[in-house]
Each structure stands twice: as structure tokens, then as C-alpha cells.
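In the order they appear, the protein sequences are chains A and B. With full-length UniProt numbering as the guide, the letters of the first sequence map in order to residues 1 to 403. With full-length UniProt numbering as the guide, the letters of the second sequence map in order to residues 1 to 243.
All the given hints hold, so there is nothing to weed out.
Partial selection, computed: residues in chain A whose CB lies under 8 Å from chain B:
#1 245
#2 260
#3 329
#4 335
Rather than coming from a laboratory, the hints here were simulated on the basis of the structure. The beta-carbon is built from N, C-alpha and C at its ideal position, and this holds for glycine as well.
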Amino acid sequence: MKRLWRQRLKQHAKGQFKYLQLVFNDHFVLVLVILLGALLYGYSQVVKTLTASWWLAPAMALVFSVLLALGRLATLTEPADATFLLPKSAEFSQYLFKARRYSLLLPCVVLIFATIAALPLLPVLKLSVLTAALPLGVALLLFKDSDLWLQLLAFYPQRVPRWCRRELLLGVAFLALWAGFWWHPAIALAAALVIDLSLRWRLGDLLAAAELMWVPLIAAESRRMGRIYRFYNLFTDVPGLGGGVKRRRYLDGLAKLVPRGLPHTWQWLFVRGFLRRTEFFGLYLRLVVIGALVIALVDQWWLVALLAALFTYMIGFQLLPLYQVYDEIVLTYLYPLPQPQKPQAFKHLLAVLLVIAAVVLAGGAVVSGHFLAAAGALAAGLIVAVLVAWWYLPIRLAKLAAR
Amino acid sequence: MLEIQQLTGGYGTVPVLKNVSFTVPDGTITGLIGLNGAGKSTTIKHIIGLLHPLKGTITVAGHTLQADAQAYRQALAYVPETPVLYPELTLKEHLELTIMAYDLDEKAAWARAHDMLRRFRLDNKLDWFPDNFSKGMKQKVMIVAAFMTDAQLFIIDEPFTGLDPLAVHDLLALVQAKKAAGASVLMSTHILATAQQYADQFVLLKDGQVRADGTLAQLKQEFGLADASLDDIYLAMTAEGSR
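Required output: the full structure, derived from the provided sequences and hints.
Shown next as C-alpha cells:
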């Protein structure tokens with residue numbers, strides 16, 4: 001079983017590495033660094049102006065509870081396991097223990113970073129950084145440890161009492177953290193210690209002679225992987241997750257804006273692909289709306305311009321895979337169309353969509369009454385739109401053609 | 001008219017096809033026959049331009065893909081074995097796209113299309129997404145799209161599996177009409193009885209090479225089987241290697 005786990009983990013790591021490489025391509029890393037910098041700067045500005053208010057402790061407790069809830073038990077099981085490993089159900093707990101320990105890794109890193117990020121807030125709560133930081137961090141790690149035990153126990157439900165669930169644990173953690181931020185994090189640490197130790201002490205009893213529930217186990221894992229792949233799918237093409245097609249008859253008017261006729265063939269096709277394939281139109285709308293909302297909430301004109309540029313870039317980037325969606329349809333190779341028509345048509349569509357996006361994003365600043373910021377956002381968005389369509393797209397297409 | 005001369009090619013640098021040469025003259029139907037893996041699909045992929053030959057030339061109606069890709073593609077229509085359609089286009093839009101891409105006369109093309117759609121009982125499904133159709137119905141859509149064009153060469157990859165008998169009958173009628181109009185047809189199939197009945201000549205592929213080609217009479221002579229059917233000749237050919 002331990003060998004099976006090691007083998008699965010290797011396989012999993014290889015697959016994830018491949019996707020992460022695609023997600024964190026050079027351009028995206030650049031954007032992330034800028035975004036992170038802006039975020040940290042904004043955070044430091046906010047911290048400077050914060051004064052102790054009654055809501056700060058519960059708000060921080062809530063943020064940490066949400067962070068605690070992140071990170072599911074990664075079992076790396078596959079649907080075939082329920083058939084092939086059924087005779088090994090008893091030994092399979094060894095595999096799951098390994099999986100649980102592995103699942104602890106990433107959430108712990110996140111929680112440690114979150115604790116570090118919270119350090120400047122501790123003095124605002126009249127807590128000493130020296131004595132408060134360590135108990136807070138350890139409490140969070142203990143809560144996560146308990147949480148993952150509970151997630152594992154959920155697949156051995158026979159002897160586990162019904163109230164013994166992770167929702168309850170998260171609720172208790174929230175209250176303990178609230179009390180911890182209010183008086184001292186040692187309270188949260190004490191609560192976490194009691195819960196974790198009693199859980200581990202009872203573990204033998206709860207697991208003994210309990211049957212593994214294979215079906216929920218595999219369903220949970222496939223849901224978890226589905227979420228991860230859907231996330232990757234925002235950046236790259238995940239096979240088998242192409243997304244569907246919706247008729248969207250109400251958009252036919254837009255589709256008909258492209259005239260018919262040989263010179264417009266690719267445009268005609270691309271606009272329908274964009275409007276009816278769920279992975280493009282939905283994403284475009286979401287990013288434009290979220291971007292406009294974020295921009296409406298920000299005051300500084302330079303930040304508005306930066307955000308407009310960033311969102312225009314992201315939207316453009318997300319639309320690029322549309323160029324390849326017809327690669328598997330043999331008909332498109334057969335059409336007697338001039339070669340350059342396809343890239344030109346795509347550039348045209350991309351440019352139009354990005355200009356619309358830039359205008360809507362600038363509209364977000366108009367709504368909040370910042371006209372200077374709106375002008376900045378419009379200019380930044382348009383510049384990025386032009387850069388993406390006329391400079392970045394040809395480079396990407398040349399790379400594609402070289403493959 | 002399709003002319004293949006000394007075609008060597010395949011996937012990557014390992015040749016699947018070795019020195020394949022044959023001709024499909026105007027106004028004839030040629031059956032492309034061979035076991036699974038003999039190189040039928042590879043040959044077709046080379047003709048439609050999905051694969052590039054390592055050696056040799058392919059000419060369709062006097063054009064090569066290298067010299068004039070647009071004229072070459074204009075002269076060619078293809079019905080694949082596995083129908084793949086645009087998931088986001090309705091049946092009507094598929095045909096509109098074909099009209100656009102081949103620059104067809106809209107009225108005449110629609111007249112032809114409506115006639116075929118009625119035959120295939122698809123005329124009431126113009127606003128549907130054919131991607132959700134059954135395999136046979138999808139294949140009918142591809143047939144309509146291919147036979148709408150003014151191509152001079154029709155390539156049909158294994159057309160008889162998945163189609164209902166009525167549709168097979170209608171397809172053969174379409175093929176014969178195109179033949180009468182002077183087009184050439186290349187049809188790959190395993191249904192030998194139908195091939196024998198409708199094709200004027202045959203190309204027998206084996207291990208990536210043309211084992212024999214010609215009319216049924218020529219094949220009989222080649223294999224020394226006087227009253228053989230295409231089936232018998234096929235079995236004789238496959239037995240050759242195992243001896």
C-alpha cells in the first residue's frame with residue numbers, strides 16, 4: 001500500500017507539474033508579481049490606517065477559518081480502485097494515512113504564510129507579536145490536522161458519531177480564534193490541543209473494524225480533481241474538459257453582425273465559437289464584470305489604470321485558446337481558403353472584444369465618479385488591447401505554428 | 001481525376017506507404033480495399049493534405065497542394081469515417097459555412113442541399129446542433145456538406161457502417177449521379193459486396209503497398225481466379241502473407 005501511494009504520488013506530481021508549467025508561463029508570472037506587489041502595498045497602506053475596532057477580531061477569525069477550510073484530503077484514488085482494490089480494503093487505511101499526511105503539507109504552508117501576514121495586525125489588537133505569533137500558528141496547524149483526520153474519518157462513518165464533522169470543527173475553530181484574538185491566542189492553542197489530542201486518542205477505536213466507503217471516497221476525489229482541472233482550464237486546455245456548447249439564441253443577433261461570404265468565413269466561424277462555447281463567452285463576461293466592479297471600488301487613478309491593463313490582458317489571454325478549438329475538426333483543413341484568413345479573422349475578433357472590454361472596464365470608474373481614473377483606465381486598456389492583438393498574438397501563433 | 005505517383009509517406013519519418021501509385025479517372029468509382037492497418041486511411045490523409053508525403057506527388061484535377069492549395073482543395077470533397085462536426089453550429093449553419101468556404105452559388109447550393117436533406121429526413125432539423133445527433137445522422141450531415149460542393153474528386157472513407165440501409169441506398173445514388181456528371185470517386189470500404197456492385201475499379205492495398213489494381217476482370221486474371229468474387233480475391237490476397 002505504501003508503495004502504491006508512492007507510485008500514485010509520483011504520477012500525480014508529474015501531471016500537476018506539467019499543468020503548473022502551463023499555468024505559470026512567463027507572462028502570467030510577470031502579471032502575478034505585479035499583482036502581488038500591488039496587493040502587498042495596498043495591505044501595508046490599510047494596516048497603517050487601522051485602529052482597534054470591535055470587528056477586527058471576529059473578522060480575522062473568519063479569514064483564518066476560511067483558510068482552514070481550504071485544503072481537502074487528497075487521496076489520489078481512481079475510479080478503478082473501487083473494483084481492483086476492494087479485496088484490500090482493510091490495508092487501504094495505510095494508504096490513506098500517507099495521503100492524509102501529504103494533504104497536510106500545502107495547507108500548512110498557506111497557514112504559516114497567513115500567520116506571518118497577520119503579524120502586523122497583532123499590535124493593533126494590543127497583542128505582543130513575541131508571545132502571540134507562535135501559539136496562533138501552532139493552533140492553526142493543529143486545527144488543520146484535526147480537520148484532515150475528520151475528512152478521513154468521513155469515509156469510515158460506522159463508528160463515528162454524527163456530530164463529529166468538519167463543519168462543527170470549523171465552527172469551534174472560528175470561536176476559539178475569535179477568543180484568541182480578543183484575549184490571547186493561547187486560548188485558541190488550548191482548544192486546538194484538546195480537540196486534536198482527543199481525536200487522535202479515540203482514532204484507534206473509531207477506525208477499528210470500520211468499513212471503508214469506497215464510493216464516496218472516489219466521488220470526493222474526482223470532485224477535488226475536477227475543481228483543480230477546472231482551475232487549470234482557465235489557463236490552458238485540459239483534455240476532456242472542453243466545456244460545452246449552449247445555443248444562446250438571444251445572441252444570434254450579435255453573431256449575424258459578421259457578414260456571410262468567402263472572405264469572412266473564419267470570422268463567421270470564430271464569432272459563433274466565442275458566443276456559444278461555454279468556456280469563452282462565460283469567462284469573458286465574468287472577467288469583464290469582476291474587473292469593472294473592482295475598478296469601481298478603487299480610488300487611486302494609477303491603480304485603476306493598472307487594473308484595467310491587467311484585466312484586459314487576462315481577458316485577451318483567456319481568449320487565445322479559441323484559435324485552436326477547430327484543430328480537431330477535419331473540415332477546417334479542407335476548406336479552400338487563403339492561409340492568412342484564419343489569423344487575421346482571429347486578430348480582428350480579439351481586438352474588437354478587448355476594445356469592448358476596455359470600454360466597459362473604464363465604465364466601472366465612471367460609475368464611481370472618477371473621471372480622470374476612467375480616462376486612464378480606457379487608455380491603459382486600449383494600449384493593452386492593441387499590444388495583445390498586434391504584438392503578442394502573432395508571437396503566440398508563430399510559436400504554435402512551430403510546434 | 002486523382003493521380004498518385006510513387007507516394008511514400010506516413011506519420012513522422014517511418015513510412016507506412018511505400019511507392020503507392022494509382023489513378024482515379026474522371027467519371028469512375030474506385031474502391032480502396034485492404035485490411036485494417038493496410039494504409040487506406042493513411043493514403044486518404046495524404047490526399048486530403050493532413051499528412052505530407054515524404055516522396056511522390058498527388059494531383060487532383062491537375063493541381064497539387066504545393067503549387068495551388070486553394071484550387072486543390074476546391075476540387076476535393078471528403079466524407080470521413082468518423083463524423084466530426086462543429087459543436088457550436090446548427091445544421092443550417094454547417095451548410096452556410098460550406099457555401100462560404102467553397103464560395104458556392106447560394107441558391108443552387110441550397111437547392112441541392114434541400115433535396116439531399118429531404119432524402120435523408122433531416123429537413124426538419126435545420127436549427128438543431130448536429131453534434132448531438134447519432135453517428136449515422138452526423139454522417140448524413142457530412143455527406144450533404146460534401147455533396148453540396150462542385151468538387152471533382154469525392155473521397156468517402158468507409159461510408160456504409162453506421163448508415164441505415166435506406167441511407168446507404170441514397171448515398172450510392174448520389175455517388176452515381178456525381179459519377180455521371182464526370183466526377184471521380186474514391187471509396188474506402190470493407191463491405192466488399194457493395195463495392196463489387198458499384199465500383200468500376202479497385203485498388204488493393206497490402207502492408208502499405210498496392211498489391212493489385214484494376215477492374216474486377218483484371219483482378220481475377222492477376223490472382224488467377226476465374227469466377228471469383230471480390231470477396232474471394234480479398235481472401236486470396238490476405239492469405240498470401242501468412243503462407
